[in-house]
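As you go down the protein sequences, you meet chains R and X in turn.
Each residue of the first sequence is one higher than the one before, counting from 189 in our numbering.
Each residue of the second sequence is one higher than the one before, counting from 9 in our numbering.
Worth flagging that the hints you see were computed from the coordinates, not collected in a lab.
In this text the structure is predicted, and so the values were computed from the model without any measurement.
Heads up, the beta-carbon is just placed ideally off N, CA and C, and yes, glycines get one too.
Do not take every clue at face value.
Stretch by stretch, here's where chain R covers chain X in the computed footprint (C-beta under 8 Å, at least three residues) [stated by the list, open to error]:
1. 28-39
2. 94-100
3. 259-273
Here are the simulated EDC-like pairs of lysine to aspartate or glutamate, each with C-alpha atoms no more than 20 Å apart in a straight line [claimed, not checked]:
4. 509(R) <-> 418(R)
5. 300(R) <-> 660(R)
6. 339(R) <-> 366(R)
7. 514(R) <-> 528(R)
8. 509(R) <-> 528(R)
9. 693(R) <-> 47(X)
10. 693(R) <-> 32(X)
11. 693(R) <-> 31(X)
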Amino acid sequence: MEIPFAITLDVGTSRSNHTGSWRVERPVYVDRMPPCNDACPAGENIQGWLYHAESGNYRRAWEKLVEENPMPAIMGRICFHPCETACNRVQVDEAVGINAVERFLGDLAIEKRWSLPIPGSDTGKRVLVVGAGPAGLSASYHLRRLGHQVKLVDSASQLGGMMRYGIPAYRLPRAVLDAEIARIVAQGIEVELNHVVHDVERERVEGKFDAVFLAVGAQLGKRVNIPAGDSSRVIDAVTFLHQVADDDPPLLGRRVVVYGGGDTAFDAARTARRLGATDAVIVYRRNRERMGASGEELEQALGEGVTVRWLSTVNRFEGEKMVLEKMALNAEGFPESTGEFEELGADALVLALGQDTDLSLLDKAPGVNIANGVVSVEQSMMAAPNGIFAGGDAVPAERTATVAVGHGKRAAHGIDDFVMGREPGVKDRHGLATFDRLNTWYYADAPRQNRPELERIRRQSTFDEVIGGLDEDNALFEARRCLSCGNCFECDNCFGVCPDNAVRKLGIGERYEFDYDFCKGCGICVTECPCGAIEMVPEKI
Amino acid sequence: MTSQPVHFYQVGSFAVGNRLLADDQRTVQSNPNRANSIDSGHRACQGCGEALGARYALDAAMRSCDGQIVAVNATGCLEVFSTPYPETSWRIPWLHSLFGNAPAVATGVAAALRVKGRDDVRVVGQAGDGGTVDIGFGCLSGMFERNDDVLFICYDNEGYMNTGVQRSAATPPAARTATTDVVGPEPGNVFGQGKDLPRLAMAHDIPYVATATVADLHDLERKVERAMAMRGARYLHVLVPCPLGWGSASNETILLARLAQETGLFPVFEAEDGVVTNATLIRRRVPVQDYLARQRRYAHLFGSHPRPDVVERIQAMADRNIERYGLLDASDQQVSV
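In isolation and in its complexed conformation, chain X is listed as follows (with noise of 0.2 Å):
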């Protein structure tokens, strides 16, 4: 479901803004006057998903309150490709903490707003996959317990691409990176459980956990300000897609976002006290294969030793998120995978 109706035709509500369109619907980056959070000049790779994706966060929680916002990261590519001293590409007030305690950090941000009696300025903690789901997970999950007022926003980008692509507990089975190397035979990383954070903020029973992708900008700046409008710990986690370490060309990091979610890899969805109360239907599903076959990190997987039996196996995956979180609307034709 879509935060409006298609009423619009040329443009439904998938593109940025539109001339026809009233200033209400459209987003915030298609406002010239929009926050900028993380300004030009910046050294993150060409095409880098988490840039992009911590703008639209940023300037849409920006948005939502009046430009009153902290925001305290975790080490990570975030920190290394915005702020090589003495520059520094945030617009807004930034502090950076150590990989691990960003959460922790943004609690005391918060508690120290609350001591001193600034309601109106919020605090947004944000870090990437290797920061959230493995150094900082301890942290985080104080954070949801106590239901400190934070919106930790993670960027995932499905492993520790700054220090040279390593492995993450959000690396996808199968991926190459430079700690699960094709090698053997079970190339690339292990099949498992992996550790799927969203579910696993929502074990916390905290207000607000929703998952967002780079490619769908209405639905992750509607998120960000469903989150804002709440108080206690709320958790979102974007899809960031990294040419660097997925080995994707620099042009389609939008693209692989949006193939992830509509192949079912990446559900999106939110959930509020525990509960999903609402997926976005996949609009036009694809087979996994057109998905990892555009990354270089899944190369092993075609070529001359193909391996089927593994894309299929990454297929059962997507089927049965699609299962688990209604993607695919019932009344629509299915395309046979």
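So that you can see chain R by itself, here it is in the shape it has in the complex (with noise of 0.2 Å):
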């Protein structure tokens, strides 16, 4: 090269000054636990499914969903989504409708008829499931996945387990309900139907079984007792909705009492509104504050004539008239007799005072614990050494369908060590992705968009489903609310305000990396980062 008077070196250019040698901490991509994922009893990846409905692609969402809970137009009905109680976006303005648009994807599902994935390739293995609840499917479901052949048995003549008889039709119609059963008994799994297991260990021993899940639920309605007069008409809220849900409901009368406040004394007392009950009483001996049933669900029943009598207990029940008896609460909280009565005129009296587990059939099991009338189980949901396990509403935890899925997705993860003779394998999480880790200036402000509700004046005599689904627009819209915390959704605000260049973007769906020669570890893109999912981390000296 020709070089003017006077000078005695090239020009080049500055690349040739690595600047990364003046940084002592460097920004490295992370992923962190969003805190829906982190609340969701099934272990949903919820970022992760919301991620491809953002761009429209429900199938893809759906796959995504279903690799974890097969059974997702049921929950986006019936789940009370504590992932929503955990949305960081509650603290922008609403929390993401995830269980919306989880309902959506299945409802969507179902209509293109998808088929969930391929059982994974025969192990051999044969697993006894007994009970076709919530649990029982989920665990069915994994277990297939697996490769694992799945015997599922269950008592009532029809699968779903409380799905079936304990939800009501108005909150779950039969034909979702059914459409998802089936969709996961085609995944090549032996049911036999009205079979009662009387002893497990020999099922177990006869069927040749390599592991057992029980998921025989909470069947029996809890009794305490209170006088009645011979001809009162006492029953107990899960034989209730059992009875309604077979299509034979019981006579109760025009004025119906239901004792409990539970959702189930809930879904009782909204169903016997159904039934024609002019009067639906519930009568709990706690406060609103104290009530066991969701805000939601109580909203609906009072929007549906149901009346509730806080602090208040049954304390006899004398043909036409029941006398109640007025509570008060101690400095503990606890409800504590007052001696103040009243009358309340009624035909019916229903208990939905909590549910028990017949655990019976474990009589001659060898080395289950039963404690408090629930089998105690290790973290992967294994009762006894000679692989049997449990879940759902026979261990304890919040007896919840999504608990029961979550437990029945476990279950079959455990079953699947056990049975291959794996130690049971500990599975890392992310740190959480808090509210503080955002920088929310990024998001617009979206206002959520809520589901229809059934009008009223219909609610109140027929089964029909109370709440809507949203349409296409809608949840596309809901789903773009995703904040996705701790997650890159490809904003591009790293590779942009990058003072030095040094970030590199990839290509859509492979996110960016960091050109270290040239990063001075300034930061910026970690504080600009909206969803925190950039970290400093010191560099090694």
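Put the two chains together into one complex; each comes in its own frame, and the hints tell you how they fit.
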């Protein structure tokens, strides 16, 4: 090269100056646990499936969803969505309507007849699943995915457990229930209905099963001793709802009192209203703040004309007259008698005081520990070292369908480890993507899309579904409200805000990488990352 | 007002880009094939706002005229850190001039191109606030007054940072610099009118005057594009925080630019032919204290001998800007400050 007068060096690019050597801390991309995923009892990767729903790829979103939970249309209706309670967006405006989007995906899958992933290659291992409720179905599905043969038995005449016999049709239409169950059974599951297991150990040995999963649920309504006249109609809520589900509702009369404050009490009262009761009164010994049922269920029940007597107990039931005693909460929040009584006209009393599990099938099973009426299990859901696992309402946990689905999945993996002779694996969990790690400036304000509620007058007389679904526009909008906490969603911020061009963009779905030759470690990318997916770590010196 | 309606919710029009946006709705900076007018390896401090602002503005200018640009650069940080001989970070034709004459050199380049009939090649002049507001102001005013076909961009970091953080006419009141020490009853820089260059530029009735910050990329790029679509003298004033001179954390450069805008201390607006046509509304208003307390140059206003009276005077400046440019949406609930 011809060099001008008095010039001794060639002109070169500043790229020969590796400013990365200035750095004492380096940014690294991380994935954090979004609070929704963290809170999901079924272990769904919610942020993961919303990511695909955001781009309108509902098929991919649904496939991601059913990797963890094969019943999204059911869950999108009956789950009490702890994910939304945990959602970081609550602190910006309102939680993302995860449950509504899940239902949208679930319904779309039924409509389009999408099928579940192909079962894993056959391992030759056989597993008996006792009970075809959410836990049993979930376990069966995951066991099939892992390549094990599954025999699913249930004492009832239809599959679904409490989802069919405990949850009324206005909350979970039977067509939806049937469609999702049929899809699971089509994975190659051997089903035997009307089969009562009396001795699980015998069935295990005689059937040559490598493992057993017990998901027998809690089918026995608790009774309390309430003095009642011979002619008084008293029924427990589980039996009542079961009979309604069998299309054989008992005659309760026009004035029905439901005793209890959990979801089952509200289901029973709302069902009684639909069967023609003019008065459906819930009697609960504590107050509204301490009831077990969800606030949504209470609001819907009140909207349908159900009334609630807070701080009351049923003292006795004499023919058409019920005597209630008023209660007061003491300093610890426990209800105490006040000695004040009042009368209430009533034709029937429904007891919704909780449920017990019939565990007599375990009487001859060695090594099973039963405490407080439920089966003790390890982290892997193992109940006895010879391969008996248990989950759902039969083990100590919150009694919801979603928890049961999670138990089913965890038990399936526990069983897989057991029958394949592996030590139970411990999964690493990412650190939580807390709200303070987000930079919410970058998220636009967007109000939540609420699902339409069925008009009240129709709800009081029919078993039509109460809550409608989102249409596609709303579902897409709702999905895009996701903040993608702790997981990169490719907004290009890091790529754009680097003063040193030290971020490389790798293309759609491939995210980014740092060019540590030039990154000076200023940390702007970390501060300006909307979702907290970058962190600074000290350089090794 | 933002350049596009908020039709996208996960990230409105605030982030650099997004996988879900159409290409024409993304910023120039989101494009992996952007010009990278100022390349890696430059020697700006960690978290330099000026390096960022220069790349934002010049890449946008490059896109809007198909890469046909000549840049003229006054002496200052931007020149020093980008071209220590024999290296250069510039990937565009680039001329360095004296501290005070960059607008005149830019005028000359524009005249030469006109003579050669190259009206496809556009001229951008650039300088820091020292080279613009103080030393280069005579040349700049002449360039405005003759309506020469130059876009002049001032990267305002509110002081002479390259030479050791001395005060300029753009240094805000009460700020500590090497020449406005924290002594006496009125510590830091004096309270006064300062030199509000965007308004002085407007007084020349030139076709286009705009302010922007490195915190609102969409807004900045739109303004560069608007300016490049016009002929004649145009002026863009970009606030670029300086971690060294402001005593701020290197990761808070964009945050501080955002706070300057959201407090009202740095009004973001545009004007055509001497009349304000558009002001960017404050989205989440914050008191000036939130902005000041993050910078060591204002440390003497807080701590063991706080000066709430001085903070109040700075707040009054912000309030006056908000009133002058109408920075609050009347329907918004206002945060009390």
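Hints, verified against the model:
1. 28-39: Since three or more residues must qualify, the claim that chain R covers the region 28-39 of chain X holds, with 5 doing so at under 8 Å.
2. 94-100: Coverage by chain R holds here, the residue count being 4 at a Cβ distance below 8 Å.
3. 259-273: holds (count 6)
4. 509(R) <-> 418(R): holds (13 Å)
5. 300(R) <-> 660(R): holds (14 Å)
6. 339(R) <-> 366(R): holds (19 Å)
7. 514(R) <-> 528(R): holds (6 Å)
8. 509(R) <-> 528(R): Holds, at roughly 16 Å.
9. 693(R) <-> 47(X): holds (16 Å)
10. 693(R) <-> 32(X): Holds. Residue 693(R) to residue 32(X) sits at ~18 Å (cutoff 20 Å).
11. 693(R) <-> 31(X): Holds, because 15 Å separates the two Cα atoms, which is no more than 20 Å.
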